[in-house]
Amino acid sequence: MTMLMTEEDRPNAVVSIVGMGGIGKTTLARKVYNHVEVRHHFDCLAWVYISQQCKPREVVLSVLMEVLSPSKDERELIQKLDENELWKSLFDALKEKRYLVVLDDIWRSEDWDILKPAFPRGRKGSKILFTTRNRNVALHTDPCNTPMEFSVLTDDESWNLLCSKAFPRSKMAIVVLGGLLATKKSLAQWEMVHKNIHGHLKGLPHQDHQYGAVNRILVSSYNELPYHLKPCFLYLGHYPEDWEISKSELIQLWIAEGFISPSLASKEILMEDVGEQFLEELIDRSLVQV
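Take 1 as the starting number for the sequence shown in full-length UniProt numbering and just add one per residue.
Each hint can be trusted.
Mimicking DSS-like on lysine-lysine, the simulated pairs with C-alpha atoms at most 30 Å apart in a straight line are:
hint	residue 1	residue 2
1	K72	K95
2	K247	K72
3	K72	K97
4	K230	K247
5	K95	K31
6	K97	K80
7	K124	K95
8	K95	K55
9	K116	K55
10	K80	K55
11	K116	K97
12	K72	K55
Everything labelled a hint here was simulated from the structure, so no lab data went into it. These numbers come from a predicted model, not from an experiment.
Put together the whole structure using the sequences plus the hints.
Printed below as a string of structure tokens:
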């Protein structure tokens, strides 16, 4: 947070958080972004998910909408702007402000090269916060700043996190494993899960064990799902990575796809109620974040 609120002489200094997927980069960035001191320090703030398939126009448009908070008519006019007009509009909107823009999960240096002209010097202290899995991307965006690097958890840290989730080193893997083990009520069932994951890893090179464990845990968690939950979980793959999904919209889509049988509903229990029960089951298994 100190790095973001330091008023450097350099224009729109970049702060980067680097680490493997699921390790907590976005969580840290979100906590800082929402901190009351940060929100009071900057004139305007914007957050955009980039992900693997970066669409520069959509990124710039999203930032501009957050900065301007336009009316419905203004939004329609902005959406009709060509690329040059759109980049200039964002540039003009930010140039007199001290701003903080978060670009979450940027994968390629070329994406930043395309986006960069839209971000002016702004007032002293303006910052752009990146999260990325690629250290080279972080160094490319601002060679003058040393990236904050997230490492994998230690054995003690991994164990403490696993225990805290009630019942590998990635937080995501531990949370999902905790959700899987929570459905197992006997030591024999726990040992079967261990045997399944260990047997898979024996066939992998040592350097691939960490990622292999994550994949195996996810596969095991999916295989353990009841039949009625599997299509509901797979349907989430239609959404872009890190997308915030409306609960009511998701349940309506599940119903429209036929994943929720009308036979499960009654006069007292609506299909939407059944859909909510399905979602709660996925949440309880730590396969969906809320």
